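Given chain A, put chain B in place with the hints provided.
Just so you know, the protein sequences line up as chains A and B, in that order. Quick note on the numbering used here: the first sequence kicks off at 1 and runs consecutively. Quick note on the numbering used here: the second sequence kicks off at 1 and runs consecutively.
Everything labelled a hint here was simulated from the structure, so no lab data went into it. Among these hints, one or two may not hold up.
Treat identical chains as interchangeable: a pair holds within one or across any two.
Unchecked claim - Taking lysine-lysine pairs in the DSS-like style, the calculated list, with each CA pair at most 27 Å apart, reads:
1) K221 / K513
2) K221 / K491
3) K460 / K561
Since we're looking at a predicted model, the values are computed, not measured.
If you want the building blocks of each chain, they are given just below.
Number of protein chains: 2
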Amino acid sequence: MTIAMNNNILKIDLDSEKFVEEALDDEIFEKYLGGRGLGVKILCDSLSKGTNALSKENPLIFSIGPVTGSAVPTSGRFSLVTKSPLTNTIFHSNSGGFWGPYFKRTGYDCLLITGKLSDVGYIVINDYDNIEIKSAEDLWGLRTTETVEKIQSLEGKISQVLCIGPAGENLVKISAIMNQAHRAFGRGGVGAVMGSKNLKAIVIKPGKKDFPINDKDHLKKLRIVAIDKIRVVPVTSQGLALFGTAALVKVINQFGMFPVKNFQSAYTDSEKIDSISGERLRKEFLEKNEGCYNCIIRCGRFTNTGEKSGKGPEYESLWSLGPSTGTFDLKIITHANYLCNDLGLDTISTGSTIACAMELQQKGLIKDNNLKFGNKDKLYEIIESIALKKGIGTELAEGSLKFSQKYNAESYAMQVKGMELPAYDPRGAFGHALNYAVSSRGACHLTGFLVALEILGSPKKIDRFSVRGKSDLLFLKQNQSAVEDSLIVCKFVGYALGFEFQARFLSTISDKKISITDLITIGERIYNLERLFNVREGFSRKDDTLPKRFLETPLNEGPSKNRVVPLEDLLNEYYNVRHWDENGIPTDELLEKLSLKRLI
Amino acid sequence: MTIAMNNNILKIDLDSEKFVEEALDDEIFEKYLGGRGLGVKILCDSLSKGTNALSKENPLIFSIGPVTGSAVPTSGRFSLVTKSPLTNTIFHSNSGGFWGPYFKRTGYDCLLITGKLSDVGYIVINDYDNIEIKSAEDLWGLRTTETVEKIQSLEGKISQVLCIGPAGENLVKISAIMNQAHRAFGRGGVGAVMGSKNLKAIVIKPGKKDFPINDKDHLKKLRIVAIDKIRVVPVTSQGLALFGTAALVKVINQFGMFPVKNFQSAYTDSEKIDSISGERLRKEFLEKNEGCYNCIIRCGRFTNTGEKSGKGPEYESLWSLGPSTGTFDLKIITHANYLCNDLGLDTISTGSTIACAMELQQKGLIKDNNLKFGNKDKLYEIIESIALKKGIGTELAEGSLKFSQKYNAESYAMQVKGMELPAYDPRGAFGHALNYAVSSRGACHLTGFLVALEILGSPKKIDRFSVRGKSDLLFLKQNQSAVEDSLIVCKFVGYALGFEFQARFLSTISDKKISITDLITIGERIYNLERLFNVREGFSRKDDTLPKRFLETPLNEGPSKNRVVPLEDLLNEYYNVRHWDENGIPTDELLEKLSLKRLI
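Bound-form chain A, shown alone (with noise of 0.2 Å):
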């Protein structure tokens, strides 16, 4: 099959420093498609069970997918799988911007680290079959935007950056592993398993390799409707563009589902929101737009709050960083996002991890006064203090529920599986909650995003309340992600595009006509796959829960309140929806029907 892809996987062992080439099966690509799907392939393949996280047996598997660099909109971005020393589950994450179509050209698909370096180096890719390793001496330490300046005076302005920041080197278990400085693949602790590997960056540069697109003419006409239907779409022509993902802010306010002080509340009045908007950051900070790849979307935001300058913040970070730990300043929680990308830190997690601990304070549970909610002037502080683990910072930098276990207060950590919650209170949207309970990687909204759906009603407003059908849905849209992330399109596009086009672009670029059927199955494969990976490391049925919080204390203020989690219920329909028992591990008829064998 013809199938846009190199047939060629990259793997590097740092421990000898040596590189080999090895050929890919086009039937690899059949069942799993490219990027996550791949990812969690090879790591199941060659994962032991119960394999330390931050051990040099544990890969870092970078990979790109069928449409990754070529004309489909939004085909920039490429995939990270390994196994998280946050959460001991599978992990998978994914980043925008131009090192995937690089690497694409490159003559890869897939490029897997093992190993560790006897003393801290970077990696870089100059094109096929030239690679290098190299001293990081002089880099390790910095920040990520120092480290990708002094990397591209010495390897040229083209050249794109991953890298970790100080919390990666510290092995912070919620650091990140930050692309070009500001993305990030930002969830799961990813920087600590980089660092873990001395490994400081991996730098590319664009390759010269063309890749086989069966149908060029038709592709480009797809790529006119495509581009027509972005264009039209309000969210995807001008929303994201205008305000970026902190267009959020105020919606999901509305619905009562905006947590505030480690989900004490989630309603705000008026006033403070629109402090702290998408609209404000817009007309005060945002410098320009910025667009990943081959994207007309350009969600990206440059900002400048007089005093610094740098990306972002997202909506999430905007969340973690302010309303979560009490801080409703536009100012401080924008140069607390860009002190989080500097330093490497998942901006989730620290920022939900500090509001645990402010809770602790709350509680009683702990003395430190600087970590009271709101106590904005010594938010940075305390954010440096993680990623150099110091003080406190040395407890936080484990996450949210190692921190609070150490206080017998396990149940103010606002987490899954040990990975904090993202900016949506699951009591308002119960679709969504499912998807925190359930998700291989822990509380996750990239995953399973129901709030498309039960909130911003698209592609149609569903009752968020509901119950019944929820499963079927979530179903749907797990596996709809699964293969997002595998060919790898962006989850913005889907507000414009139908997943039909999904489809469509699959068909036009290999020579095989592939359904939406088709791509469903193969996201359940994934999926199930990474169930599998879990099942063996223990997780069942007990794991796939939610912080009591969410299923005994309704919210008592603002359009969610009197609301808890019906989780019993929902997890029932789910698992009977995806063929597992009741235990949550899916049944021998399920992985026959997948192809899929268990994981020994």
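Relative to chain A, chain B alone:
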């Protein structure tokens, strides 16, 4: 404004056999677009009150629109406006094929024909300023197929021919003008208007003149987007090509709206309905599809019954010549359809007038045993007698209203303002019923096809039996139809392209940004100008009605049983929405808003 028009009208006076060209101002296009709007405006400006439709003074006005002959899909249509001898209302009609695009390229937007030839003749438009009037001595009396053949042998195979058959020559009030012998300006007796001018045919050869398109590149892209939509939507990509309009037979019957025996019932058992369905037509008679200029839908069909071959039948013709007269024999219906085309008869009014006569026979009001429901052996003979005005045909040639009045049996004539109802029982869809009552050209399914919403669910299914809200939808649909007829595009494309596409196309072709709202207002202007014409002729609320049957006698079987049309309620709401007074006359405020003046 660049609006892709020639700004030029060709006026032919058949009395003097002279022609003149006159400039048209941009303003007329800005206010009326072209096609129907242009024709209506010109007719209203030029015709005196009470003019006999068959007098020399009544013009035939053929016109094209801004999209005609361009890259816009389905831009092959052109329009005719005249006063109808059947209804005595203003009358508009349009037809597809290639005549329109050829005409546009000769450098004219409009052809206005008045007067009467002293001897029978035909017009040849060779090119700009190269017009001939030739003798039709050898053509007069010929059927339309022969006429086209003979003219093409004289004028060249590439010539496009509008002509009348014996029916038009004989001033039959339900005669059509045929376009290449099988497409039709079907309704309103327009064939008789042409016949009254001693004009057998109007022949066009493809012009070479280009017309200005403001943004050709963008038009190209928009065309790709539009074609993609047409190819994606099942109705336009498959339904119409596979089964033609006859696909409606089973659908409309399923809703109990498929009239049988002059609307005495409207539901037929499935075996019988299958025998005359579009599916059977395809299976047994279809030879190949045919499309108009720049159309990929290709709903036209060459058929062959084994005995004869020709085109069609369309849904309406199949119904009127078949079940309406009590005949369910698809071969005979198909032959009858060929025959009507060849004689130049309106298939709908022909079948319905025969059905009316048959009900009179059933009720014992006339004695002619040939006119028995289901008497299929005599069908051809009756049809011929109408076209040739022989025997009872002389009476039938006046249409059902005049015919029934002769026997004091007007309530058996299924007509509004003299024009026969098409193939949808109004008791099953109240919005559609309302359009029959108010349409400016009598019982018409083309000017406000609410069956699309009430039955087909395109773009959305609505309650077919509700009154509330129907007027708002009809207001929009009527205005929109007036715009479609003025641009001109085919209405079928609306199943794939939202109306916003027409605004986008027009904004691309012209140098002016035109919104949907602008278009709806233009449509409203055209619709009201038609109303003003009719008001001057004496039409008012008393004429906005339906045959008593639909107001008083419910159907007694099928999915539409036990309903009558609540016409007064519908009308009250409709006049309100239209800003017409309680007598159906446009108010001063409305006219001012639309920059219209009452006609004197």
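Hint by hint, here is what the structure shows:
Both within a single protomer and between protomers do K221 and K513 lie at most 27 Å apart by alpha-carbon distance, with minima of 17 Å and 25 Å respectively. Within a single copy, K221 and K491 get their C-alpha atoms as close as 22 Å, and across copies as close as 25 Å, so both meet the 27 Å cut-off. With identical chains, the CA atoms of K460 and K561 are at most 27 Å apart within one copy only, with a shortest distance of 24 Å there and 35 Å across copies.
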